[in-house]
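Asks: Protein sequence lines, in the order shown, are assigned to chains U and P. Heads up: the first sequence begins at -1 in our numbering, then just goes up one per residue. Heads up: the second sequence begins at -1 in our numbering, then just goes up one per residue.
Derived by calculation from the structure, the hints in this document are not laboratory data. Among the hints, a few may not be true.
For identical chains, the list gives no copy identity; a pair is met inside one copy or between any two copies.
To be verified - Using 20 Å as the maximum straight-line C-alpha spacing, the simulated SDA-like pairs for lysine to any residue come out as follows:
{"hint": "1", "residue 1": "Lys309", "residue 2": "Ile138"}
{"hint": "2", "residue 1": "Lys281", "residue 2": "Leu23"}
{"hint": "3", "residue 1": "Lys291", "residue 2": "Thr201"}
{"hint": "4", "residue 1": "Lys291", "residue 2": "Ile172"}
{"hint": "5", "residue 1": "Lys73", "residue 2": "Gly215"}
{"hint": "6", "residue 1": "Lys37", "residue 2": "Ala125"}
{"hint": "7", "residue 1": "Lys219", "residue 2": "Asp171"}
{"hint": "8", "residue 1": "Lys68", "residue 2": "Gln103"}
{"hint": "9", "residue 1": "Lys285", "residue 2": "Glu26"}
{"hint": "10", "residue 1": "Lys285", "residue 2": "Leu23"}
{"hint": "11", "residue 1": "Lys118", "residue 2": "Glu93"}
{"hint": "12", "residue 1": "Lys27", "residue 2": "Phe288"}
{"hint": "13", "residue 1": "Lys267", "residue 2": "Asp214"}
{"hint": "14", "residue 1": "Lys197", "residue 2": "Ala229"}
{"hint": "15", "residue 1": "Lys267", "residue 2": "Gln136"}
{"hint": "16", "residue 1": "Lys309", "residue 2": "Leu71"}
{"hint": "17", "residue 1": "Lys250", "residue 2": "Gly145"}
{"hint": "18", "residue 1": "Lys118", "residue 2": "Val11"}
{"hint": "19", "residue 1": "Lys29", "residue 2": "Val287"}
{"hint": "20", "residue 1": "Lys73", "residue 2": "Gln103"}
{"hint": "21", "residue 1": "Lys197", "residue 2": "Ser290"}
{"hint": "22", "residue 1": "Lys170", "residue 2": "Pro4"}
{"hint": "23", "residue 1": "Lys170", "residue 2": "Gly247"}
{"hint": "24", "residue 1": "Lys219", "residue 2": "Val141"}
{"hint": "25", "residue 1": "Lys267", "residue 2": "Phe249"}
{"hint": "26", "residue 1": "Lys118", "residue 2": "Gly284"}
{"hint": "27", "residue 1": "Lys309", "residue 2": "Arg131"}
{"hint": "28", "residue 1": "Lys267", "residue 2": "Gly215"}
It should be emphasised that the depicted structure is a prediction, and the values quoted were computed from it without experimental measurement.
Number of protein chains: 2
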Amino acid sequence: MAFESPLFWPAHVKNGVLYVLDETLVPEKLKYIRVRNVKEAVAVIRDMKTRAFGQFLVVLYAFLLELHYKGDLLKHLEDVAGQLNNSRPTFPFAEVTKIIVGAVQKASANGGDVHAAVAKTVHGFLAGIRARRLQRVQEIAEVINDGDHILTHCNVSGELAMAADIARTQGKDIKFYATETRPYMQGAKLTVWELQQAKAFVTLVPDNAVAFLMADGLVNKVIIGSDRSAANGDVANKVGSYQIAVLAGEFKVPLIVLTQPSRGVASGKDMPIEIRDENEILKFNGKRVFASKVRGFYPGFDVVPHALITKAIAINAGL
Amino acid sequence: MAFESPLFWPAHVKNGVLYVLDETLVPEKLKYIRVRNVKEAVAVIRDMKTRAFGQFLVVLYAFLLELHYKGDLLKHLEDVAGQLNNSRPTFPFAEVTKIIVGAVQKASANGGDVHAAVAKTVHGFLAGIRARRLQRVQEIAEVINDGDHILTHCNVSGELAMAADIARTQGKDIKFYATETRPYMQGAKLTVWELQQAKAFVTLVPDNAVAFLMADGLVNKVIIGSDRSAANGDVANKVGSYQIAVLAGEFKVPLIVLTQPSRGVASGKDMPIEIRDENEILKFNGKRVFASKVRGFYPGFDVVPHALITKAIAINAGL
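The whole structure should be built from the sequences, with the hints applied where relevant.
Replies: Put into structure tokens, the structure is as follows:
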């Protein structure tokens, strides 16, 4: 693959320290936060220093940071899993941590090397995910046609930019519109930057301009990611995805969604939606922007019903 | 009326100078810009120091600022009208300026006092508008029911806040959700402040949260203004209004729109939509927010088709 976005794999372990890309500083700076234990791992997740796929990476790598524990390692890692599971309500971290804890329990019961079991499980799991994500990048490139004008929302952690790079090398002339994605501005900060890194042509639009773009025929395809999938095909993704999906249906613009394994939830109704701290909408780049004592309401996600999804590109093979 | 918002009548003439509320500084400061001639009037319009109804006020008052002209006053005021007409593409200023110029032409043809004719026409016109807007505030209060949770977008120049004040004194327990209205943040800056001045309960939400609010039953009514109306009932309003209207239709939430006289255009298709400078989306509070050299696209308005409007509250009686 010609181009790999830093957002595709935004965390790595080196010499017992986890380095996590601080996505809140992108594109101004590419700075990696040093994470030394599960407490710090929970903090980078909760503070949204990394998002979506990056948070799954942190959850997995966090187990490696706790292998130095001198007491009952099984019990300790169960506690680690609990802390990670509770870090954000909408994400099914428990579905991942139970795989790691299960491997530890098995090794422990068989009298095996618990440390080696954890390392092997984490690394094996990640290698599988990496291979399948790279495969999905190819699949995304395949659904992109010459002449497409593609709207995207929030950020798809590298995959869309890498697919854009492949599509370009395939000779496809394409154009992107990225929503700002208030209040965190992931579209303006991450997606625009990533697509530019991939030499794609991208235009930033206000979240308010989606109906305008579709009614004027300025976009002919929508590609978004998702943070969680249900068994019936509903997905939770960054708030605003639902209204874009309704508009895509209204204006007959195909909606393509990148999905993941759907463990644990039957439908979108079963996914708890995290309500973020109101300061995240009342502040901009860390500063309070409005003088008045207003209350804010910022649901982090919304649920796109499966009926509105034209095509899901899943990553669940074997997971 | 108990409460009059500063945004209801954001400009006035005193000692030959036009004072225009600088709405870009609200709510931090209530500062009035001194406007002394048509050139400065066009500048406050183009720079969006005042918006919507405030711009109509500036257009009308601007004629009073040019009465000191020593040459051919009719010809000069025709030129003034031309400058005002061209200040923004989406607004039908020409429909207003031709009334003033017509009165001047008539006085001039009859050998009357041209200065007096201009002053009388402008003041008479404004007195009529004021009376009808105050009447509309009452009508808005009537469509607000006890227990309503009302979503609004952008800013309705005083009328909604004043209606909220009346509704409260009528014993109605109501709640507002205001969208931020990126990129200018009129919702966050103006609407929130105004509603708070009227002692109404208001919560700020991201523009992305509209489908979430409606799907969860958190709003049961939408009230928005409009900047221009067509004969078939289509309206142009701040970009984002169209998608809110589509969502209101989808979720069966009544959409109430404040409209105006529909001179000159048969339908929404006939309204030119102003594309604002891309810096208005690339900057926030005057500072460039994204490091990369991205292009921005910011259509200032979009058109809400009449079929999506549940009830229009017009101001056109007698106008």
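Asks: Confirm or reject each hint.
Replies: Against the structure, the hints:
no.	hint	verdict
1	Lys309 <-> Ile138	within (11 Å within a copy, 44 Å between copies)
2	Lys281 <-> Leu23	both (16 Å within a copy, 17 Å between copies)
3	Lys291 <-> Thr201	between (34 Å within a copy, 10 Å between copies)
4	Lys291 <-> Ile172	between (45 Å within a copy, 18 Å between copies)
5	Lys73 <-> Gly215	neither (57 Å within a copy, 44 Å between copies)
6	Lys37 <-> Ala125	neither (25 Å within a copy, 66 Å between copies)
7	Lys219 <-> Asp171	within (14 Å within a copy, 43 Å between copies)
8	Lys68 <-> Gln103	within (17 Å within a copy, 95 Å between copies)
9	Lys285 <-> Glu26	both (17 Å within a copy, 14 Å between copies)
10	Lys285 <-> Leu23	both (15 Å within a copy, 16 Å between copies)
11	Lys118 <-> Glu93	within (18 Å within a copy, 75 Å between copies)
12	Lys27 <-> Phe288	between (27 Å within a copy, 11 Å between copies)
13	Lys267 <-> Asp214	between (33 Å within a copy, 11 Å between copies)
14	Lys197 <-> Ala229	neither (36 Å within a copy, 46 Å between copies)
15	Lys267 <-> Gln136	neither (32 Å within a copy, 41 Å between copies)
16	Lys309 <-> Leu71	neither (43 Å within a copy, 66 Å between copies)
17	Lys250 <-> Gly145	within (17 Å within a copy, 36 Å between copies)
18	Lys118 <-> Val11	within (14 Å within a copy, 78 Å between copies)
19	Lys29 <-> Val287	between (26 Å within a copy, 18 Å between copies)
20	Lys73 <-> Gln103	within (9 Å within a copy, 92 Å between copies)
21	Lys197 <-> Ser290	between (42 Å within a copy, 12 Å between copies)
22	Lys170 <-> Pro4	neither (23 Å within a copy, 54 Å between copies)
23	Lys170 <-> Gly247	neither (26 Å within a copy, 37 Å between copies)
24	Lys219 <-> Val141	within (10 Å within a copy, 39 Å between copies)
25	Lys267 <-> Phe249	between (26 Å within a copy, 17 Å between copies)
26	Lys118 <-> Gly284	neither (40 Å within a copy, 52 Å between copies)
27	Lys309 <-> Arg131	within (17 Å within a copy, 49 Å between copies)
28	Lys267 <-> Gly215	between (33 Å within a copy, 14 Å between copies)
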